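> Residue numbers (the working numbering), protein chains in the order written: chain Y, 1 to 175; chain P, 1 to 68.
Treat the hints as calculated values from the structure; they're not laboratory data.
Just so you know, not all the hints are guaranteed correct.
With a Cα cut of at most 30 Å, we get these calculated DSS-like pairs of lysine-lysine [what the hints assert, rightly or not]:
hint, chain 1, residue 1, chain 2, residue 2
1, P, 2, Y, 31
2, P, 47, Y, 67
3, Y, 31, P, 68
4, P, 27, P, 47
5, Y, 67, P, 68
6, Y, 74, P, 27
7, P, 68, Y, 13
8, P, 2, Y, 67
9, P, 2, Y, 13
10, P, 47, Y, 31
11, Y, 74, P, 22
Remember, predicted model here, so these are calculated numbers, not experimental data.
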Amino acid sequence: MRGFKTMYDYRGKVAGMVIAAVGSMLVIIQKLAPFNVFRSMNAEQHYYLSAWITVVGLFSIAFSMEKHEDERVKKIRAGAMQLVIGLLIGLLLALSFTGIVIGDFDLAPEMLIAIAGFYLVFYLVVFHIGLYTDILWQYDADEIPIVENIKKNWWVHLVVVIVMMGVLLLIFSII
Amino acid sequence: MKNTIRVERAKLNISQTELAVKVGVTKQTIHSVETGRFVPSTVLAMKIACFFKVRIEDIFELEDSDWK
């Protein structure tokens, strides 16, 4: 993506490992012997903060390149992300459907639907920008005329914009 | 897509690691290409052909299954 750095270099992976290790140690310590660092936060908040730090570390690992990132690694990474995001959204939809059908709102089906909806809407927006508009994606070929491309695919953009707005309105109305 | 990278390597007596370093990928990628589990990009295929000083079609060959 032009102008966007979608992956950190290998150092991000090392940093992520350190952050995740520290975070997970804090989670264990907070579980066994809770202690407070910040006065304004209680023990439960400290526990969740530790878990949050662990997940930030995992995020850094997930979005950092391998020491030697070649085309095969990129392909495996894209496939893995596609599979995991598909499973995650499937899980969110299954959980929210269960919550709706059995009326168990402890599962917070509205939040699960919103999270799954946002994932899919943003994915579709970014994917269609890349597919039809080519504003953000840089190919090795010469510049692709954006305006011409939009004119050529105007109906696709119109449909995408209308669908996205409709879905976002639906999500906001549910929340 | 089948290929003759293994044969070309044997002619020059070089390892997968050496070839990987020369074309800027990992040893695992060369192994995957050799075994036909990974189809390389045009750039990588051309780099490999360049390294062995042969044409791409002398190394890589389409199979019937590639047309389906």
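> The structure should be examined with respect to each hint, and the outcome stated for every one.
Cross-check of the supplied hints:
no., hint, result
1, P:2 x Y:31, "violated (55 Å)"
2, P:47 x Y:67, "holds (21 Å)"
3, Y:31 x P:68, "violated (56 Å)"
4, P:27 x P:47, "holds (15 Å)"
5, Y:67 x P:68, "violated (36 Å)"
6, Y:74 x P:27, "holds (15 Å)"
7, P:68 x Y:13, "violated (39 Å)"
8, P:2 x Y:67, "holds (29 Å)"
9, P:2 x Y:13, "violated (35 Å)"
10, P:47 x Y:31, "violated (54 Å)"
11, Y:74 x P:22, "holds (19 Å)"
In terms of the numbered hints stated before, the structure departs from hints 1, 3, 5, 7, 9, 10, listed from lowest to highest.
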